[in-house]
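Q: So you can see what is in the structure, the chains are spelled out below.
Protein chains: 2
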Amino acid sequence: MKPKKEIKEWANRIKDGDRQALSQAITLIESSNVEDRQLAQSLIDFIEPWTGNSFRIGITGPPGVGKSTLIDKIGVVLIGQSHKVAVLTIDPTSALSKGSILGDKSRMAHLSSQANAFIRPSPSSLNLGGLALYTREAMLLCEAAGFDRILIESVGVGQSEFLISLLCDMTLLLLQPHSGDEMQGIKRGVMEWADMYIITKTDGETFNGSNKTYIELNSILNFVPRKYSFWTPKIIQLSVISGLGMATLMDNIDLFYNLLFNDNQLYKLRLKQSETYFKVQWAKMIEQYILMNRSNVELINFLATEVGHGNISSEKAFDKLLKFIFATLK
Amino acid sequence: MKPKKEIKEWANRIKDGDRQALSQAITLIESSNVEDRQLAQSLIDFIEPWTGNSFRIGITGPPGVGKSTLIDKIGVVLIGQSHKVAVLTIDPTSALSKGSILGDKSRMAHLSSQANAFIRPSPSSLNLGGLALYTREAMLLCEAAGFDRILIESVGVGQSEFLISLLCDMTLLLLQPHSGDEMQGIKRGVMEWADMYIITKTDGETFNGSNKTYIELNSILNFVPRKYSFWTPKIIQLSVISGLGMATLMDNIDLFYNLLFNDNQLYKLRLKQSETYFKVQWAKMIEQYILMNRSNVELINFLATEVGHGNISSEKAFDKLLKFIFATLK
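Going down the list, the protein sequences come from chains X and F. All letters in the first sequence, in the order written, are residues 0 to 329 by numbering that gives the first Met the number 0. All letters in the second sequence, in the order written, are residues 0 to 329 by numbering that gives the first Met the number 0.
None of these hints come from the bench; they were simulated from the model. Watch out, some of these pointers could steer you wrong.
Remember, identical chains collapse to one label, so a pair may be satisfied in a single copy or spanning two.
[Said to hold, decoys possible] Straight-line Cα separation of at most 25 Å, BS3-like style, residue types lysine-lysine; simulated pairs:
id, residue 1, residue 2
1, Lys319, Lys283
2, Lys72, Lys278
3, Lys322, Lys14
4, Lys233, Lys271
5, Lys315, Lys278
6, Lys315, Lys4
7, Lys233, Lys72
8, Lys283, Lys72
9, Lys4, Lys14
10, Lys319, Lys271
11, Lys267, Lys315
12, Lys267, Lys319
13, Lys4, Lys283
14, Lys14, Lys315
15, Lys315, Lys7
16, Lys315, Lys283
17, Lys7, Lys83
18, Lys319, Lys7
19, Lys283, Lys322
20, Lys3, Lys322
21, Lys322, Lys267
22, Lys315, Lys271
Using the sequences and the hints given, assemble the complete structure.
A: Right, here's the structure in full:
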């Protein structure tokens with residue numbers, strides 16, 4: 000365990016904008032080692048007073064909808080407005096397929112060449128719930144390092160979209176032009192958390208599809224309860240090729256930001272989100288905590304195999320696991 | 000805590016087919032009271048030697064596809080073949096909408112009037128993971144009571160379908176005729192666990208839609224990896240109105256049952272399922288265990304409110320919760 004003084008120095012280096020210190024800190028919070036975890040907690044405690052000053056924007060949508068390309072564009076505009084931009088990407092599927100550091104940086108070619116940009120992909124080793132925990136802490140670290148616009152990219156898979164909307168001040172949902180699939184998802188009510196709907200690829204062969212999607216989405220949105228009294232979710236038809244919709248998008252991000260900062264709306268919003276986040280995540284946090292201990296992981300794997308060999312019932316295996324966890328963690 | 004003798008007597012009454020004893024036992028396992036939970040565990044231990052002798056059939060699909068109606072039909076046929084049939088229904092949405100004891104029984108009007116049938120809806124108070132735990136134990140109790148065909152109905156919502164396929168020997172997926180939505184779900188790979196695909200409502204206005212769905216589904220299935228070397232998943236076009244497909248369905252249930260019982264396939268399958276079940280459910284089991292303690296629930300709610308009022312960060316709240324849980328449970 001590092002002495003308190005060293006942690007304070009580390010925190011100060013992060014605050015002073017030392018990229019290496021920031022990168023190392025994010026690597027630390029990704030670690031599942033118990034001592035690393037405690038160290039990470041101390042570090043977060045130190046930097047906490049310097050957090051909360053960014054505008055946190057979530058960008059979500061199905062694979063291939065164009066999230067990275069749009070983030071690249073938004074990021075470059077924000078940097079042109081003298082903002083410091085951090086990008087955190089969450090991809091629960093990355094362990095299976097694509098998604099590496101090089102991959103993310105090359106997908107955001109313009110942004111990654113900017114001095115005021117910081118791009119960090121999610122570790123592929125974590126599961127969905129773990130990713131959200133990690134992302135929250137990574138976001139706080141970036142804020143402490145002076146980034147005032149945090150863009151969080153998340154593939155829309157199951158619960159991840161909802162979790163991202165709890166971490167962010169504004170959530171953009173990207174949709175494919177005329178995708179029946181997406182419409183079904185929207186009809187099922189996964190849309191209430193979105194603050195803006197962006198129909199991508201409003202160009203070439205998919206231009207007409209974008210128009211059709213706009214009409215459908217617009218009629219659905221009339222029946223969706225409003226998240227805020229002060230904001231009506233916008234639908235924006237966008238093309239990163241022609242640039243169509245980009246100015247409208249940036250205007251609306253500004254508009255939403257200003258509305259949120261009125262009357263302490265942002266403060267109220269974040270507290271409400273934190274409350275929900277705690278309620279839906281506490282069990283996941285305990286799971287992560289248990290998995291940090293290697294002997295627990297070994298026992299879980301051993302018991303699963305024993306169950307698979309018929310040597311023990313799953314009920315009894317759980318009983319053994321429970322006794323072991325509480326005996327060792329106390 | 001009841002003495003061991005009483006539990007043994009209770010278990011014996013269940014084994015002797017005492018419906019009241021069975022119903023009370025299922026009510027017991029639904030309880031989240033700590034003492035009830037321990038009692039339930041003792042009861043499960045007692046009845047375990049008498050379990051595992053049923054053929055466990057899962058029936059899943061979207062709301063309104065006709066699950067209850069089909070279960071009613073299948074159940075009556077099975078009873079005509081001298082089987083004893085238990086129906087357990089899992090509906091994660093029931094807390095919000097429909098789904099009551101009366102509701103389930105009236106939806107299975109023919110089956111519920113049979114002496115050899117037992118219909119038990121899921122308690123609406125449990126969450127998804129909890130439901131699967133409850134269902135596994137309820138299934139064991141029904142087996143101990145001599146039911147040799149267990150039909151488990153589950154609304155296809157999120158992970159519930161996958162969990163049901165881990166509890167059952169055979170899983171039937173019901174599909175609406177020509178539903179673009181379902182096809183998307185299937186394409187995304189939620190189908191590998193299904194042993195049979197049933198296109199319902201192959202009659203009247205939706206007859207042509209059923210044919211179209213059959214063709215689409217058939218072409219998709221060619222690209223889906225096989226679950227078993229000895230079984231090719233069947234697609235059955237069904238109408239509960241005309242009776243079309245019912246005989247084919249029952250033949251295929253018999254055929255699958257016989258194949259599974261060959262060469263101990265069933266035993267191997269169940270062990271493999273139990274292993275996966277343990278791996279995906281242990282954390283949920285710990286969550287349920289923690290929630291059994293009322294003081295934990297009170298602390299979680301209190302901390303969430305504190306987080307929502309800005310009195311404590313969610314990180315610190317989690318830390319407090321963890322300390323409390325491990326201090327009290329040990």
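Q: Hint by hint, say whether it matches the structure.
A: Hints, verified against the model:
When the C-alpha separation of Lys319 and Lys283 is checked against a cutoff of 25 Å, the pair qualifies both within a copy, at 20 Å, and between copies, at 15 Å. In this assembly of identical chains, the alpha carbons of Lys72 and Lys278 never lie at most 25 Å apart, being 35 Å within a copy and 42 Å across copies at closest. In this assembly of identical chains, Lys322 and Lys14 lie within 25 Å of each other by CA distance neither inside one copy nor across copies; the values are 43 Å within and 31 Å between. In this assembly of identical chains, the alpha carbons of Lys233 and Lys271 lie at most 25 Å apart only when taken from the same copy (23 Å versus 49 Å across copies).
With identical chains, the CA atoms of Lys315 and Lys278 are at most 25 Å apart between copies only, with a shortest distance of 14 Å across copies and 29 Å within one. In this assembly of identical chains, the alpha carbons of Lys315 and Lys4 lie at most 25 Å apart only when taken from different copies (21 Å versus 47 Å within one copy). Only within a single protomer do Lys233 and Lys72 lie at most 25 Å apart by alpha-carbon distance; the minimum there is 19 Å, versus 48 Å between protomers. With identical chains, the CA atoms of Lys283 and Lys72 are never at most 25 Å apart, being 34 Å at best within one copy and 41 Å at best between copies.
Taking the closest pair of Cα atoms, Lys4 and Lys14 come within 25 Å of each other only inside a single copy of the chain (15 Å); across copies the shortest separation is 67 Å, beyond that limit. In this assembly of identical chains, the alpha carbons of Lys319 and Lys271 lie at most 25 Å apart only when taken from different copies (20 Å versus 38 Å within one copy). Taking identical chains as interchangeable, the C-alpha atoms of Lys267 and Lys315 lie at most 25 Å apart only when they sit on different chains, with a minimum of 19 Å there against 46 Å within one chain. In this assembly of identical chains, the alpha carbons of Lys267 and Lys319 lie at most 25 Å apart only when taken from different copies (23 Å versus 44 Å within one copy).
In this assembly of identical chains, the alpha carbons of Lys4 and Lys283 never lie at most 25 Å apart, being 32 Å within a copy and 39 Å across copies at closest. In this homomeric assembly, Lys14 and Lys315 come within 25 Å of each other (Cα to Cα) only across copies, at 22 Å, whereas the closest approach inside a single copy is 50 Å. Taking the shortest alpha-carbon separations for Lys315 and Lys7, only the inter-copy value of 19 Å comes in at or below 25 Å, while the best intra-copy value is 46 Å. Proximity of Lys315 to Lys283 under the C-alpha cut-off of 25 Å is found in both arrangements, the shortest distances being 23 Å within a copy and 15 Å between copies.
Proximity of Lys7 to Lys83 under the C-alpha cut-off of 25 Å is restricted to the intra-copy arrangement: shortest distance 24 Å within a copy versus 69 Å between copies. Taking the closest pair of Cα atoms, Lys319 and Lys7 come within 25 Å of each other only across two copies (23 Å); inside a single copy the shortest separation is 41 Å, beyond that limit. In this assembly of identical chains, the alpha carbons of Lys283 and Lys322 lie at most 25 Å apart whether taken from the same copy (19 Å) or from different copies (16 Å). With identical chains, the CA atoms of Lys3 and Lys322 are at most 25 Å apart between copies only, with a shortest distance of 22 Å across copies and 34 Å within one.
Neither within a single protomer nor between protomers do Lys322 and Lys267 lie at most 25 Å apart by alpha-carbon distance, with minima of 41 Å and 28 Å respectively. Taking the shortest alpha-carbon separations for Lys315 and Lys271, only the inter-copy value of 16 Å comes in at or below 25 Å, while the best intra-copy value is 40 Å.
The earlier numbered hints that this structure contradicts are 2, 3, 8, 13, 21.
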